[in-house]
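> Listed below are the residues making up each chain.
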Amino acid sequence: MAVLSSIAYSRRHGTAADRALRQLLQIAKMEIPPNSPGESTILSNYLPKIIRLAERNLSPQLLRKVDENDIGGTVMRTIIRKAREGVLTIEESRDFWSLLVAITLNKVRKKARYWKQQKRSISREQELAADGPRMEDIAIDLSNSLTEPTDQEGEAFAAILEKLSDNLDETCQNILAMKIEGLTHIQIAEKIGVSTRSVTRYVKRIQKELEQLNAESDD
Amino acid sequence: MPNLTIDLDWLDEKCQLYEDNWTANRSGPNVVIAFAIELLQPTDLHLPMLIESLIEVDIERVWMEWRTKISKQPQDHSAADWLGQLLVVPRLVDYVTAISKHSIDFSVTESLLRTEYRARQEWGDAPRWDIALSAWPNLPKLPGKPARHRVEVRSKEFPFPRAFDLCD
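Protein sequences appear in the order of chains G and X. The numbering used here applies: residue 15 is where the first sequence begins, and numbers increase by one. The numbering used here applies: residue -19 is where the second sequence begins, and numbers increase by one.
Simulated from the structure, these hints should not be mistaken for lab results. Hints may contain errors.
In silico DSS-like cross-links for lysine-lysine, where the CA-CA straight-line distance does not exceed 25 Å [stated by the list, open to error]: (1) G/K96 to G/K63; (2) G/K218 to X/K(-6); (3) G/K222 to G/K205; (4) G/K222 to G/K96; (5) G/K124 to G/K222; (6) G/K96 to G/K218; (7) G/K205 to X/K49; (8) G/K121 to G/K222; (9) X/K(-6) to G/K205; (10) G/K222 to X/K(-6); (11) G/K124 to G/K218; (12) G/K96 to G/K205; (13) X/K(-6) to G/K96.
Just so it is clear, the structure is predicted and the values come from calculations on it, not from any experiment.
Generate the whole structure from the sequences, applying the supplied hints.
Written as C-alpha cells, this is what we have:
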C-alpha cells in the first residue's frame, strides 16, 4: 500500500520522484534489523512526508540546486544506520516523527550552509549571471562540484584528518579509522572490546575535536 | 512534577567508570546494583536511569565475553559444558528480579529489551525476537514511566529544535 502511494507520488512528481522511489526500493532491500518486520513499511509511509517537508523548507534558489528527494533518501539512510547501531528504534510515533523532522531540517540547514560558502554562493552565481556567463558553464561547474571533490578539497580533507588524528589518543585514532572504513558502532565495539555506549562516547569526543579544529580554521 | 532529566555527561562518566573496572568475574545483576546504589540513594529518581545504562553496558560486555569463551572452547568439550557456559550468562530477567529485591522503582524498557536482543544476536545465542520476548509475558503493560525517561534522554541526545508544529 505504501509502495503504491509512493508510485502515485512518483508519477505526480516526475523523474526526481522516480529517483526517490528507487531509493525507497533500495531501502526495502537493505537489511533492516529482523526484530521489526514492519520497519520498511513505516519508513516508506514517512518518506513522502519527509520529501514534502524538505521541499517546504528549501528556498526557491536552493530548490534549483538541491533535490528534496535526495534529502529524503539521506534521512532514511541515516535512520536505518542509527537503528542498526541501536541508537534509535523505528516506530510509528509522534517522537519518531519529530526526530525525522529534526534530522530533515538539519540536513536542509547543512545543504544551505554548503551552498552559502564563498565558492558556491547563490548570490555569487547571481552576480556572475548579471555579467552574462553561459548557463551551461554554471551547470558543468555545479555538476563537477557535486560529484568529485577537487584536489584542493582532497588535500584540505587529508590535512584536517591528519591534524585531527594527532590530537586524539590511540583508541580514538583507531575508532576514527574504523568509522572512515564505514564500520558500525557494534562492529567497532566488538573489535576493540568495549560497549557500544563507549564507542558512542569516543565518537562524540572525536566530533568535539573536529568541531574545535573547524572553529580554529574558521578563525 | 519530579525532574526526570539527567546530566548525560555524568551518566557517561559513571558508565565509563563501571566499564573500566569491568571483568567477567565482576559483572552481573548484583554488581550493577551495588555500583549504582553506591552512587545514588534507592529513592533517587535518577537511579533507574543509571541502572538501565549500566545494564546496557553489562549485557553487551557479558555477551561479548561469552562469545570469546565459546570460541576458545577446546574441540573435545561436551555439549553439557557448552550448555553450562550458556546458562551462566545473566539475562535481563535476572537483573530485573535482582532489582526488585532492593525496593527500587524500576521497569524494563523497550530499549533494554532491544539491547539484550541485539547483544544476543551479535555475540550470543541469537534467539528469535518472539522467543526473546517470551521471557516477558506481561510486555504490553511495560510502556509508561520508563518510556518517558527515555524521551528525556533522547531530547538531549538530539539537540535539534522540537518541531511538532511541522507535523502533517
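> Hints the structure violates: just list their numbers, smallest first.
none
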